[in-house]
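Number of protein chains: 2
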Amino acid sequence: MTFMDAMITPPVRRRGRPPKNPEGRLETRELLLRAGVAALTEKGFAATGLDDILGRVGVPKGSFYHYFDSKETFGAALIERYGAYFAGKLARHFDNTALPPLARLHAFIDDAKAGMARYAYQRGCLIGNLGQEMGALPESYRAQLGEVFADWQGRVAQCLEAARAAGEIAADADCRRLAAFFWIGWEGAVLRAKLEHSPLALDIFTEVFFAGLPRR
Amino acid sequence: MTFMDAMITPPVRRRGRPPKNPEGRLETRELLLRAGVAALTEKGFAATGLDDILGRVGVPKGSFYHYFDSKETFGAALIERYGAYFAGKLARHFDNTALPPLARLHAFIDDAKAGMARYAYQRGCLIGNLGQEMGALPESYRAQLGEVFADWQGRVAQCLEAARAAGEIAADADCRRLAAFFWIGWEGAVLRAKLEHSPLALDIFTEVFFAGLPRR
DNA sequence: ATTTATTTAGACGATCGGTCTAATATGACC
DNA sequence: GGTCATATTAGACCGATCGTCTAAATAAAT
Chain A
354 MTFMDAMITP
364 PVRRRGRPPK
374 NPEGRLETRE
384 LLLRAGVAAL
394 TEKGFAATGL
404 DDILGRVGVP
414 KGSFYHYFDS
424 KETFGAALIE
434 RYGAYFAGKL
444 ARHFDNTALP
454 PLARLHAFID
464 DAKAGMARYA
474 YQRGCLIGNL
484 GQEMGALPES
494 YRAQLGEVFA
504 DWQGRVAQCL
514 EAARAAGEIA
524 ADADCRRLAA
534 FFWIGWEGAV
544 LRAKLEHSPL
554 ALDIFTEVFF
564 AGLPRR
Chain B
354 MTFMDAMITP
364 PVRRRGRPPK
374 NPEGRLETRE
384 LLLRAGVAAL
394 TEKGFAATGL
404 DDILGRVGVP
414 KGSFYHYFDS
424 KETFGAALIE
434 RYGAYFAGKL
444 ARHFDNTALP
454 PLARLHAFID
464 DAKAGMARYA
474 YQRGCLIGNL
484 GQEMGALPES
494 YRAQLGEVFA
504 DWQGRVAQCL
514 EAARAAGEIA
524 ADADCRRLAA
534 FFWIGWEGAV
544 LRAKLEHSPL
554 ALDIFTEVFF
564 AGLPRR
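Chains as they are written, first to last, in my numbering: chain A, 354 to 569; chain B, 354 to 569.
Treat the hints with care, since some could be wrong.
Claimed, not checked - Residues of chain A clear of chain B, computed beta-carbon distances all greater than 10 Å: (1) Tyr418; (2) Phe439; (3) Phe534; (4) Arg545.
Stated by the list, open to error - Pair by pair, the computed Cβ-Cβ distance ranges are: (5) Ala518/A x Ala496/B: 24 to 34 Å; (6) Gly402/A x Thr426/B: 33 to 43 Å; (7) Ala524/A x Ala456/B: 24 to 34 Å; (8) Ala470/B x Ala518/A: 46 to 56 Å; (9) Ala496/B x Pro552/A: 40 to 50 Å; (10) Ala460/A x His419/B: 28 to 38 Å; (11) Asp448/B x Arg569/A: 32 to 42 Å.
Simulated from the structure, these hints should not be mistaken for lab results.
Cβ coordinates follow ideal geometry from the N, Cα and C atoms, glycine included.
With these hints in hand, go ahead and build the complete structure from the sequences.
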């Protein structure tokens, strides 16, 4: 169960200051964030009402505004969390020196692909979704989304540099550019996969991307 | 001036059946479609209110529902029109036998890029935008969007086949797959270009795409 | 002159995001 | 163990905006 999964069992929700024991009990704030990621990756920011999110986890509106100042603040928290989640995923795969560099990238891709399959290709990438919606979003999101892409891209670039050092790709390969290309295309592939409820676009992108890497 | 440009001069708009002379006068329905494309490529479907569109061209709400049954019908008309517009653009470039096949594709890309530049990279692709939003859109759009992609992809595949026949790409290149890859990546690039208000993503995608094509 | 076709004006109910106050529960302190 | 402070939920409420619909107005057709 990843952080994106909304809890099924509704925790006993009582008025008043909660008991000290945080045993097992998922906090309300955490539930809201999970439900938010689920809703926004499916339907986007504008199409998702607060009541949507609240309804998924049985949290009343009053609680929402206790934990977040506004929908805008909430969205910013979601971007932050989603960015960090995938940064961790990237780091985990890229640090796996048991695999050669390109295989590490492939492993990340398989992981991400499995993530989409888990939700029957009905959820896309939060960052890509919000990017597409920027025209109607708080302007502050633009920089935040850019930073997430820069971070993800930097990690892929490092992995590609390792591949270059290992002789898996050409010695004169522009790894930063290739990493940018990867994320540009990957987001496009996620978009299509979600549209078609199918992994086909992910597979095509992956195969052609690797085939097109400069080998020497 | 392309069909996406909304008319500035507000035509005299009076109640009642209009005079017969259709001289020069852009029809209300046409104005609505243009404004719709502009609004939806900027902000998406969910975030665009009817009042947004109506306000851009000074058409009252009552007129909208005279020409279209609903926002859903309107959206379908926009997809149809946008799909056909780019199909025409593709056909025009790909039929230009004065250029070798790959140069024709490049010419289309330059054309599309110029289209984004014209609006300061604030408008994306209607088809990509709606694809991303599908989770909250009328289900009927899914097939319609898929058909548009299939059409565009088929045209690019034909162009690539011409390139293969001309020896510009490898004889065993899978043109249909490459065409799918192109559109997957191009939509991703448009998304990023819009997010960053910059042509950088378009340029990176274009360059790496051509560099990665199988040459022999 | 009357009817019919076409278009606009604006009222309408539902819902939205966001705010607010009251109610309720525990923790901390004496 | 009584009191106050802190934390959380309940849900009414507001102005704005959503998409829809009906009635009014005007020209064409007869």
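Right, here's what the structure says about each hint:
1. Non-interface status of tyrosine 418/A relative to chain B is upheld: no Cβ of that chain comes within 10 Å, the nearest being about 22 Å off.
2. Once the 10 Å rule is applied to beta carbons, phenylalanine 439/A is consistent with being away from chain B; the minimum gap is 16 Å.
3. At roughly 4 Å from the closest C-beta of chain B, the C-beta of phenylalanine 534/A falls inside 10 Å, breaking its exclusion from the interface.
4. Separation of arginine 545/A from chain B is inadequate, the least Cβ-Cβ distance of about 5 Å not exceeding the 10 Å criterion.
5. Roughly 47 Å separates the CB atoms of alanine 518/A and alanine 496/B, a value that falls outside the hinted 24 to 34 Å.
6. Between glycine 402/A and threonine 426/B the Cβ separation comes to about 23 Å, which falls outside the hinted range of 33 to 43 Å.
7. Taking the beta carbon of each, alanine 524/A and alanine 456/B are about 30 Å apart, inside 24 to 34 Å as hinted.
8. Range check, alanine 470/B to alanine 518/A: about 38 Å between beta-carbon atoms, so the 46 to 56 Å window is missed.
9. At about 19 Å, the CB distance of alanine 496/B to proline 552/A disagrees with the hint of 40 to 50 Å.
10. About 57 Å separates the C-beta atoms of alanine 460/A and histidine 419/B, a value inconsistent with the hinted range of 28 to 38 Å.
11. Look at aspartate 448/B against arginine 569/A: about 37 Å separates their beta carbons, and that is inside 32 to 42 Å.
When each numbered hint is compared with the structure, violations occur for hints 3, 4, 5, 6, 8, 9, 10.
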